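Whatever position you read off the sequence shown (first residue = 1), add 4 for the numbering used here.
Keep in mind that the hints were calculated from the coordinates and are not lab data. Keep in mind that a hint or two might mislead.
Quick list of the computed label-pair ranges, beta carbon to beta carbon [to be verified]:
(1) R95 / A412: 36 to 46 Å
(2) E202 / S414: 17 to 27 Å
(3) L517 / R476: 50 to 60 Å
(4) H235 / F140: 48 to 58 Å
(5) I531 / S414: 30 to 40 Å
(6) L404 / G349: 30 to 40 Å
(7) R346 / S234: 33 to 43 Å
(8) P527 / E240: 35 to 45 Å
(9) P527 / E202: 24 to 34 Å
(10) P468 / P527: 10 to 20 Å
(11) L517 / G349: 20 to 30 Å
(12) H311 / P527: 38 to 48 Å
(13) E304 / G119: 37 to 47 Å
(14) D415 / D120: 33 to 43 Å
Please read all numbers here as calculations on a predicted model, not as lab measurements. The C-beta atom is built at its ideal place from N, Cα and C for all residues, glycine as well.
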Amino acid sequence: METIDRIFNASRSCAAPEAWDKLKLETCVSSGGPEDFPKVLEKYAAFLGLPDFLPELARLEWTINQAASPEATYRLPVSRLAVNPTLCLLRFSWKHLPEFLGSKDRGSCRHPEKGDESVLLWRHPVSGELMVCSAFDEDLLVLKIAVEDIEPVKAAAEGRVPVHVIDAAVERGIAKGLLLAPASKIRRNRSLFPSNAEIEESNLSASVFTLQWHITQACDLHCRHCYDRSHRDPIELKQAMALLDDFYGFCRDHNVRGQISFTGGNPFLHPHFPALYRAAAERGFGTAIMGNPVPARRLEELAAIRHPVFFQVSLEGLREHNDWIRGPGHFDRSLGFLDLLREFGFYSMVMLTLTKHNMAQVLPLAGILEDRADLFAFNRLSLVGEGARLELPSKDEFTLFLHAYADAASDNPALGLKDNLINVVLYRKGLQLFGGCTGYGCGAAFNFITVLPDGEAHACRKFPSPIGNAVRSGIAEVYSSEAARSYRAGCRACRSCAIRHSCGGCLASAYSLGLDPLTQKDPYCFID
Numbered sequence: 005m006e007t008i009d010r011i012f013n014a015s016r017s018c019a020a021p022e023a024w025d026k027l028k029l030e031t032c033v034s035s036g037g038p039e040d041f042p043k044v045l046e047k048y049a050a051f052l053g054l055p056d057f058l059p060e061l062a063r064l065e066w067t068i069n070q071a072a073s074p075e076a077t078y079r080l081p082v083s084r085l086a087v088n089p090t091l092c093l094l095r096f097s098w099k100h101l102p103e104f105l106g107s108k109d110r111g112s113c114r115h116p117e118k119g120d121e122s123v124l125l126w127r128h129p130v131s132g133e134l135m136v137c138s139a140f141d142e143d144l145l146v147l148k149i150a151v152e153d154i155e156p157v158k159a160a161a162e163g164r165v166p167v168h169v170i171d172a173a174v175e176r177g178i179a180k181g182l183l184l185a186p187a188s189k190i191r192r193n194r195s196l197f198p199s200n201a202e203i204e205e206s207n208l209s210a211s212v213f214t215l216q217w218h219i220t221q222a223c224d225l226h227c228r229h230c231y232d233r234s235h236r237d238p239i240e241l242k243q244a245m246a247l248l249d250d251f252y253g254f255c256r257d258h259n260v261r262g263q264i265s266f267t268g269g270n271p272f273l274h275p276h277f278p279a280l281y282r283a284a285a286e287r288g289f290g291t292a293i294m295g296n297p298v299p300a301r302r303l304e305e306l307a308a309i310r311h312p313v314f315f316q317v318s319l320e321g322l323r324e325h326n327d328w329i330r331g332p333g334h335f336d337r338s339l340g341f342l343d344l345l346r347e348f349g350f351y352s353m354v355m356l357t358l359t360k361h362n363m364a365q366v367l368p369l370a371g372i373l374e375d376r377a378d379l380f381a382f383n384r385l386s387l388v389g390e391g392a393r394l395e396l397p398s399k400d401e402f403t404l405f406l407h408a409y410a411d412a413a414s415d416n417p418a419l420g421l422k423d424n425l426i427n428v429v430l431y432r433k434g435l436q437l438f439g440g441c442t443g444y445g446c447g448a449a450f451n452f453i454t455v456l457p458d459g460e461a462h463a464c465r466k467f468p469s470p471i472g473n474a475v476r477s478g479i480a481e482v483y484s485s486e487a488a489r490s491y492r493a494g495c496r497a498c499r500s501c502a503i504r505h506s507c508g509g510c511l512a513s514a515y516s517l518g519l520d521p522l523t524q525k526d527p528y529c530f531i532d
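All chains should be built: construct the whole structure from the sequences, respecting the hints.
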C-alpha cells in the first residue's frame with residue numbers, strides 16, 4: 005500500500021483520502037500489484053467522482069517509476085544518428101499531464117485538458133537524469149529523421165526550409181538527449197602521445213572543424229608583416245558554392261559541426277562575399293570574419309543574414325607602431341570599429357602579430373582594449389613573406405614576456421590565451437592547462453585547414469604547408485593526404501612531452517627560423 009502512495013503521489017493529491025483508500029483496497033482484493041493500479045482507477049474513477057484525467061496521470065506515473073530503474077541503459081556508442089534507447093513515447097487523450105505532474109502547487113497550476121497529446125520519457129545520455137515532457141512537433145520530426153535515416157538535405161527540401169533549420173533541430177534533439185550522435189571522426193592518434201600521459205577524451209576528439217577560407221587576396225592595407233602578397237585568382241562563384249557543399253558533406257561524414265572563417269586579404273572586397281556568407285549560413289556552418297574595419301552598412305548586411313561567431317581585426321601595438329605596420333590612421337579607425345561592433349552586438353576579437361619591437365606594447369594595449377574588445381590575443385610573427393624583414397625577440401625575452409602575459413590574463417578577462425607555449429608556464433606552476441592555439445594544441449590539419457582563393461589548401465596559413473587543392477580534389481581527399489597526416493602528427497621531437505596534447509609548440513615558428521617543423525621542435529620552447 006505504501007508503494008502505491010509513493011509511485012502515484014500526484015494522482016493521490018487529486019483524490020479524497022476515503023476514495024484513495026477504496027482504490028488501494030480494490031487493488032488488493034483483485035490480487036493486483038502497483039502495475040494494475042491505473043486499470044483500477046480507470047474502472048472506478050467515475051464511480052468515486054474523481055477527475056477524468058486521473059487514470060492517464062496514473063499511467064504516466066507508473067511508466068516513470070519503471071523508467072527510473074537503475075538498470076536502464078542509456079549511453080551506448082552508435083555508428084549513426086540514433087534514438088536514445090531509453091526513450092518511451094506515450095499517447096494520451098489529455099493534454100498537459102507532464103506540467104501538472106511536475107508542479108509543486110497543483111492547485112494553482114494548469115490542469116489537464118481534453119485533447120490528444122504525446123509525451124516523451126527518457127534518460128539523458130550525459131547526466132542520466134530522467135526527463136519527461138510533452139512532445140513538440142520538432143521532437144517528433146527529429147525522431148522520424150533518426151528512425152528512417154532521412155538525410156537533412158532531403159528533410160529540408162520536403163519541409164521547404166534551409167538545411168540549417170533541420171540541422172539545428174537535430175542538434176537540439178541531441179542536446180536534449182532524445183538522440184544519440186555518433187562520435188567525431190576528427191580524432192587524434194593516441195600513439196602520438198606518451199603512453200603514461202593522462203589525456204581526456206576531449207583532448208583527442210574534436211566536435212567542430214574550421215575551414216579558414218581566404219576568399220580573396222585583395223586588401224585595402226599593405227602591412228609590413230604580410231605573409232603573402234602573391235596574386236591568386238579566386239575561384240568562380242559556382243565553384244565556391246560547390247566547395248561549400250563539399251565541406252558540408254565532409255562535416256556530415258566526419259560527425260562534426262563546420263565553421264567557416266572568412267578572411268583574405270579583406271573578404272569584403274570579394275565581389276560575391278554577401279552571397280558566400282549567406283550560403284554558408286544557410287548550410288548551418290558557424291560563420292566568422294577575419295578582416296579589416298568596414299562601414300556600418302557592411303555590418304548591416306551580415307546582421308540581416310546572421311551574426312558571425314566573431315569578427316576579428318588586427319592591431320600591432322600602440323598607435324605609432326601600429327600605424328607604422330598597417331598604415332596611418334589605422335589605430336584610431338580600429339578602435340572606432342570595435343565600438344561599432346559592440347553597437348551591433350557582434351563578438352569582437354583583436355589579434356596582434358608579436359615581434360621584438362611590439363612585445364613591450366602588448367600589455368599596455370590590452371589595458372586599452374579591456375573595455376572595447378571581447379578578446380585580445382597574439383600570434384608570434386612567422387618570418388615568411390614580407391614578415392621576413394622584421395625581427396623576433398630572443399628566447400629569453402619571450403619567456404619572460406609569457407610569464408608576465410599569463411599573470412596579466414588572470415586579471416584582464418579580455419586577455420586571451422592562444423600561444424601554445426603559455427601552457428609551459430601553466431605546467432611549471434602546476435596550474436590547469438588551456439586548449440592551446442586551436443583547442444587541441446597545434447591543430448594544423450587536425451581540426452582546421454586553410455584554403456586560399458584558388459583552392460590551394462594548407463595545414464596552417466602562417467607558413468607554406470601545402471596539403472592539396474580543395475577545389476580539384478575535394479576536402480576529404482585533402483584532409484586524408486599524406487602531407488596532411490604528417491602535419492597532423494606534429495613535431496616528432498614533442499611526442500614524449502607530457503603536455504603535447506595541449507601544446508606541440510608552433511610549427512610555423514620552427515619553419516620560419518630554418519628548422520624542419522616536423523622533426524625539430526619550436527625553438528622558443530622552454531619546458532624542462
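Now the hints, each set against the structure:
| no. | hint | in the structure |
| --- | --- | --- |
| 1 | R95 / A412: 36 to 46 Å | violated, 60 Å |
| 2 | E202 / S414: 17 to 27 Å | holds, 24 Å |
| 3 | L517 / R476: 50 to 60 Å | violated, 32 Å |
| 4 | H235 / F140: 48 to 58 Å | holds, 53 Å |
| 5 | I531 / S414: 30 to 40 Å | violated, 21 Å |
| 6 | L404 / G349: 30 to 40 Å | holds, 38 Å |
| 7 | R346 / S234: 33 to 43 Å | holds, 35 Å |
| 8 | P527 / E240: 35 to 45 Å | holds, 42 Å |
| 9 | P527 / E202: 24 to 34 Å | holds, 28 Å |
| 10 | P468 / P527: 10 to 20 Å | holds, 18 Å |
| 11 | L517 / G349: 20 to 30 Å | violated, 41 Å |
| 12 | H311 / P527: 38 to 48 Å | holds, 40 Å |
| 13 | E304 / G119: 37 to 47 Å | holds, 45 Å |
| 14 | D415 / D120: 33 to 43 Å | violated, 58 Å |
Of the numbered hints given earlier, the model fails hints 1, 3, 5, 11 and 14; all others are met.
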